[in-house]
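Chemist: Build out the structure end to end from the sequences listed, making use of the hints.
Next come the chains, spelled out residue by residue.
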Amino acid sequence: MQASRGMQAFRDVVSILIVIVFMFPLFWWGLSSIKPYTAIFNKDGPVYFDFQPTGQNYAVTLLGQSRIAENLESGGTFGAGGGSSYDSRQTILQSILIAVGSTALTIVLSTLASYALSRLPMRGKQHFIFWILSQRFMPPIAVVIPIMFMFRDMQLLDTITGLILAHTLINIPIAVLLLKSFFDDVPKDVDEAAMIDGATRFQTFRRIVLPMVKGGIAATAVLCFIFSWTEFLLSLYLTTSIRTLPVKISTFVTSTGTEWGFITALGTSAIVPSFIFILLVQKHLVRGLTLGSLKD
Amino acid sequence: MATVTVRDVVKKYGELQVVHGINLAIGEGSFVVLLGPSGCGKSTLLRMIAGLEPISGGQVLIGDRVVNDVHPKDRNIAMVFQNYALYAHMTVRQNMSFSLELRNAPKAEIDKKVAWAASVLNLEPYLERYPKQLSGGQRQRVAMGRAIVRNPEVFLFDEPLSNLDAKLRVQMRTEIKELHQRLKTTTVYVTHDQIEAMTMADVIVIMRNGHIEQVGSPLEVYDRPENLFVAEFIGSPSMNLIPGKIDLEAGAPRFVSSGGTPIALAARPGLTHGQPVVLGIRPEHTHIDATGELSSTVAVVEPTGPETHVYFAIDGKDLCAVTRERTTIAPGAPLRLRLDTDQIHIFDQATGRVVR
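Sequences listed follow chains A and B, in order. For the first sequence, the residue numbers in our numbering are 793 to 1088. For the second sequence, the residue numbers in our numbering are 11 to 366.
In short, the hints are calculated from the structure, not lab data. Ideal Cβ placement from N, Cα and C applies to all residues, glycine included. It cannot be assumed that every hint is accurate.
[Claimed, not checked] Simulated crosslink set (DSS-like; lysine-lysine; CA at most 30 Å straight-line): (1) 142(B) to 1075(A); (2) 1006(A) to 117(B); (3) 22(B) to 980(A); (4) 980(A) to 177(B); (5) 980(A) to 123(B); (6) 122(B) to 194(B); (7) 980(A) to 142(B); (8) 187(B) to 980(A); (9) 194(B) to 177(B); (10) 123(B) to 142(B); (11) 142(B) to 1006(A); (12) 917(A) to 22(B); (13) 142(B) to 177(B).
[What the hints assert, rightly or not] Selected chain A positions facing chain B (in silico; Cβ < 10 Å): (14) 985; (15) 991; (16) 999; (17) 1000.
Modeler: So this is what it looks like as structure tokens:
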């Protein structure tokens, strides 16, 4: 059906409105991060573009300048309070390490597991798969205290390794389940053809099936990365000196006030690594990698 | 090249037995077709020879070696699958060289063999393409190329042509047969298409419900079916079958249909008076002849070009006559028919076995 011109215009307007509604928080976030302190808190209502943009918030959180120095430069428009705990360079590094580490570990473990679950015979397989998924039903808050005690005994508290393990633990069920469905989409005939061609089970997995589910692995990796990047609860309980970004940002709510400038600056910066990661895997995020393997 | 021997092979899925003690000897270099309706166990048998299904009982030998517990990769066989099962992320060249690479063959040898296979199968222009850039027939040829580069002892084909359109199927049929005549590799080919079986096979193995019904050359199974199932399954249009009884007391032996129509028979020692039997006669041995002893009415006329199928009924059984002559006969017209007496098959009703 061909929509009339008026109808088409109406649809365009509606979709643009919807996009504006959903993009506004992100826009406001980014905008606030370049506002001076006085423009964030304005007694006459919100300030949109009527301010002198500043990089001060970024300078403090990303470059580690002290706020006192910033205040001296800007003539005291930079809010009260001092201290150097707003420097987040180390936090970003640690967050990247933890997210990349747990994503890599999750992918390695769950591709192996889900290939096995997809291909090998196993008694009670359905129950086992359900059990794996059921791990995800449980809210992390229910287990965070026990995990904390276990981590303490294993010397994993406040270590990057510990957080990588914790995030992997939460990610594995969903990754196994997702990847299994991708492996299930690759016909078993392909495995059989490879084995008749002379491949062992592992060679079949490594050289034939794995490349065929590349797209699925990329999609799963994105999900795992984003989870780890934004995870708050476990990171909060299991660390004291190591801070991931969400935990660090939460410390900007202080007894002397909420540092919206730093929160928005760090929040906006935090989008960038996820964005880069997604760009990196995006070229693998194509459907139909098994296209041509089969009849049609 | 090698022989393949199947001894008392049984396949069970839990309590369900699907292959019941099959024995089969496949000669070196022969082209054997396993033919049967779906669910007859032919693919299962092929997969047991390939090592893709565990064998529940009996033995499979390739050459003199019992291969029951040998991994498929060590059986030196090659298989072509119904859906091709190509490696989608590899080019045609990589698809074909994969098995050689796994065997650590030297680069020069791989190149030589892939080039040879490509020339045999007319795939030279497509070596750097991916499977998704190929047509169905080309993909099928890649699957065959993947099989022949290794020079295996046995080729296994699992309904390789059933996904192709009719014209391509006929073409590939000829190509596979040519390939076999050229390479002389022992071949086991599974199909449910009797034309494929008849045209390609040296030996046809007709299977039903996990049993072998008959083994023989294409013309043997066509001309001398051992039982009703084979008689009905082979041939298109299929054999005319009329149930009735044997009458030996009227002098010359004759068959009397359940509706009372008598048909003269040649003498054969196996007959007993009153025996309930089924008379079988191929449509091409059923002639439209004004002097014929049977009479009926034309129901449907199907011209196919080279021949015309004329359908009619005798005692309520729908039957067919095939004539190669142009006929002006029309539905509803009266019809007289003559049967070639020496081409009549008699099957025992109780056992289904042929009586000779």
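Chemist: None of the hints should be skipped; say for each whether it holds.
Modeler: Now the hints, each set against the structure:
1. 142(B) to 1075(A): Measuring from Cα to Cα gives roughly 18 Å; hence the hint holds.
2. 1006(A) to 117(B): Judged against 30 Å, a Cα distance of about 28 Å means the pair holds.
3. 22(B) to 980(A): holds, 21 Å
4. 980(A) to 177(B): holds, 29 Å
5. 980(A) to 123(B): At roughly 27 Å apart (the allowed maximum being 30 Å), residue 123(B) and residue 980(A) satisfy the hint.
6. 122(B) to 194(B): holds, 20 Å
7. 980(A) to 142(B): holds, 18 Å
8. 187(B) to 980(A): The hint holds at about 28 Å.
9. 194(B) to 177(B): holds, 26 Å
10. 123(B) to 142(B): holds, 23 Å
11. 142(B) to 1006(A): OK: residue 142(B) and residue 1006(A) at ~17 Å, within 30 Å.
12. 917(A) to 22(B): holds, 21 Å
13. 142(B) to 177(B): holds, 21 Å
14. 985: holds, 4 Å
15. 991: holds, 6 Å
16. 999: holds, 8 Å
17. 1000: holds, 6 Å
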